[in-house]
Amino acid sequence: MLKWIDERLGAAHWARKGLKKVFPDHWSFLLGEIALFSFIILLLTGTYLTLFYRPDAAPVIYDGPYQPLHGREMSAAYESVLRLSYEVRAGLVMRQIHHWAALVFVASIVAHMVRVFFTGAFRKPREINWMVGVTLLVLAIGMGFTGYSLPDDLLSGTGLRIAYSAVISIPFVGPYLGFLVFGGEFPTEGIISRLFVLHVMLLPAIIIGLIVAHLAVLWRQKHTQFAGKGRAESNVVGKAFWPQQFFKSFGLMLLTGAALALLGGLVQINAVWSYGPFDASAVSAPSQPDWYVGWLEGAIRLFPAFEPTILGVTIPSMLIPAVVIPGIGFTVMALWPFIEQRVTKDRDAHHILDRPRDRPARSAIGMGGILYVTLLTIAGGNDVLALTFNVPIEAMVWFLRIGLFVIPVIGGFITYRLCTEMQESGAQPARRRRGVRLRRNAEGGFEEVSRD
Amino acid sequence: MKSVRWIFASFFVSMVGSLGLVVYYLIGESAQVEGILLGLALGGMGFGVVGWATRLMDVPTVVEEREPLESSDAAMSQMEGMVGQDAVTRRKMLLRLAGGASATLGAALAIPALSLGPRPGQSLEETKWTPGARIVDRLGNPQRPGDIPLNGIKTVFPSGFEGEADSQTVVIKIEPELLDLPEGREDWAPDGCVAFSKICTHAGCPVGLYRAEARQLLCPCHQSTFDVTTGCTPVFGPAARPLPQLPMEVDEVGFLVAMGDFPEPVGPSFWNMETE
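Taken in order, these protein sequences are the chains called D and L. Taking the working numbering, the leading residue of the first sequence gets 96, the next gets one more, and so forth. Taking the working numbering, the leading residue of the second sequence gets 303, the next gets one more, and so forth.
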């Protein structure tokens, strides 16, 4: 069999080279793999869902087994999601695994990105892969948004409406662009089928292409590694891809799938039947997006009522929090390797990773960014939090508005100090403390016994 | 041997989970059981494979040398010579024409995108409210001032456009002496009934929550709050414009009717919005 292939492709040489590829061993290198495996699970479960979902806004009267919605008018899309959830065997578990996998997909991308950022793995020669990664993050968020809008329930309709408001606020072309994207003034019948095409065809195709590019560049450039015995800028120390690393990664894929299967089976998510079908004149309270859009929702909530008219043009209040701030944020993120190169004047190639403490300024900025996004995400649920902790929503909003400028700075400062102190003390807080074995010697004192 | 027995057991658990799922699919329909069985099927095999890799594969650590990524100067200049050979670069005029043709081709290929939607025209500035339009509820019942309870709120539409998203309006009745409407709107509040666009001027959500004791309308999406007594001026949250008020009167048979469309655009502010 192998021979048959080799006679036609001459594959033995490069296949062996591939199997011998060296993988340095560190748990944090697996975060990106979890993202990849979540994506594979998304493709598998998503394909199954596509076979039952109808991207159709035409009104139908529900007569299925879910009694509370009996006789209600709803879109064929929403009805098909109810049918998929209640009448298709294994449909609900597939749908819930799909939704959970989407949350984990974005989460693992973010975790992977945080790892790459704090260890400086984006430095030359890996700027391209960093930018591909940022693009993948944006696309993953886009996948999530288009995906949870498809059921055409009341909650997702609210999300679409807010997106529409953001689009029509764009300078000069806003209303035209909004009408082109949505096919007219919101709410439109055509938007569901457009989102469907984006969600099941265009975006996945682009994501698959970029993942392939991401992995190809990684393969070509070889892995980074932490400093250690025998490790240098000029080598890679680790285990060969085959068999151990392959087995580990394959096992991780299965375990990712197992975790998602348990979540999808046991933890209810996006119970669209309880939200009801989309209705332009109703909204559920509280309404929150999926976690990875929470920061945007928070920015929209916290931005003050500011709508100045300059030279006869009113600047819509959505423009800055929903378009300008995300635009600047992702641009700075994508260009970070070049910004850092310019500031530090370090234009050399690096294959040995930084320890976060050795780059206190970068670590402080990273921590500030994480806190900023976290606070915005908290703001995205401020109504729920105000209710839960019984504080007035007004106090909550003002605390967050001010905190957004103060807390990241304090957090960054503390991080900087922690880094410099850890550099000096050489503390290893993340490393498990090992006991030492002592032996009482003939003189009555103690001496250490070496472990091995 | 004892320490690796669990690896064998893991594969066994996986098989039990998979077979269980097959059987359960045929007889049951609980998503919980399906999730657990699938979790066992995948997790058992996952633990087994990882255990195999970490406990039973004693493979050596290897060192791979990292060759420099950049090509040699000679290879680089050969490549540049290949790309920039005379046959290509000498034809300056042709190069420019080819560039121009590509740009026009791009425009030609992009233009069909305009079919995706109509031009906005006046549609963002207008709703279906017209002078004399009857104010009806979702089911089409016309409303008298007496049909709205004091401190009550009702979602209404122009007659014939029940449920129309752009025209959705709320009617609220409050004590007339509490009203402090802007100038020129004194007669827009028959019997203390005031009508405002239900679409939030911030991000377009339906402003559905009425705090009767504070006489405030609250948007559930982003907590913009509007003071009804002063003409729904924003008092808190991100909305910057008041909710447009619908001029409303009582016709000769006692029903609420609109005197015309909203004086300002409803819904979220947009680029190039006409404002006074």
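Quick caveat, the hints were computed from the structure, so don't treat them as lab data. A portion of the hints provided could be inaccurate.
Stated by the list, open to error - For each label pair, taking beta carbons as the anchor points, the in silico distance ranges come out as:
{"id": "1", "chain 1": "D", "residue 1": "Gly325", "chain 2": "L", "residue 2": "Arg392", "range": "36 to 44 Å"}
{"id": "2", "chain 1": "L", "residue 1": "Ala405", "chain 2": "D", "residue 2": "Val362", "range": "37 to 45 Å"}
{"id": "3", "chain 1": "L", "residue 1": "Asp360", "chain 2": "D", "residue 2": "Ala525", "range": "22 to 30 Å"}
{"id": "4", "chain 1": "L", "residue 1": "Val361", "chain 2": "D", "residue 2": "Leu480", "range": "47 to 55 Å"}
{"id": "5", "chain 1": "L", "residue 1": "Trp308", "chain 2": "D", "residue 2": "Asp158", "range": "46 to 54 Å"}
{"id": "6", "chain 1": "D", "residue 1": "Leu480", "chain 2": "L", "residue 2": "Leu418", "range": "33 to 41 Å"}
{"id": "7", "chain 1": "L", "residue 1": "Trp308", "chain 2": "D", "residue 2": "Trp99", "range": "48 to 56 Å"}
{"id": "8", "chain 1": "L", "residue 1": "Leu418", "chain 2": "D", "residue 2": "His121", "range": "41 to 49 Å"}
{"id": "9", "chain 1": "D", "residue 1": "Ile447", "chain 2": "L", "residue 2": "Asp360", "range": "52 to 60 Å"}
{"id": "10", "chain 1": "D", "residue 1": "His121", "chain 2": "L", "residue 2": "Leu358", "range": "20 to 28 Å"}
{"id": "11", "chain 1": "D", "residue 1": "Ala300", "chain 2": "L", "residue 2": "Ala415", "range": "12 to 20 Å"}
{"id": "12", "chain 1": "D", "residue 1": "Gly285", "chain 2": "L", "residue 2": "Gly448", "range": "23 to 31 Å"}
Just so it is clear, CB atoms sit at the ideal spot from N, CA and C, and this is done for glycine as well.
Verification of the hints:
For the pair D:Gly325 and L:Arg392, the supplied restraint of 36 to 44 Å is violated, since their beta-carbon distance comes to about 54 Å. Between L:Ala405 and D:Val362 the CB atoms are about 52 Å apart, so this pair departs from the stated range of 37 to 45 Å. At about 27 Å, the beta-carbon gap between L:Asp360 and D:Ala525 stays in the expected band of 22 to 30 Å. At roughly 50 Å, the beta carbons of L:Val361 and D:Leu480 sit within the given window of 47 to 55 Å.
Roughly 51 Å separates the CB atoms of L:Trp308 and D:Asp158, a value that falls within the hinted 46 to 54 Å. Between D:Leu480 and L:Leu418 the beta carbon distance is about 39 Å. The supplied range of 33 to 41 Å therefore holds. Remark: the range hint 48 to 56 Å for L:Trp308 to D:Trp99 is contradicted by a beta-carbon distance near 38 Å. In this structure, L:Leu418 and D:His121 meet the distance hint of 41 to 49 Å, their C-beta atoms being roughly 47 Å apart.
At roughly 27 Å, the beta carbons of D:Ile447 and L:Asp360 sit outside the given window of 52 to 60 Å. Between D:His121 and L:Leu358 the CB atoms are about 22 Å apart, so this pair conforms to the stated range of 20 to 28 Å. Against the hinted window of 12 to 20 Å, the Cβ-Cβ separation of D:Ala300 and L:Ala415 comes to about 18 Å, which satisfies the hint. Checking the proposed 23 to 31 Å range against D:Gly285 and L:Gly448 shows it is violated: the Cβ atoms sit about 42 Å from each other.
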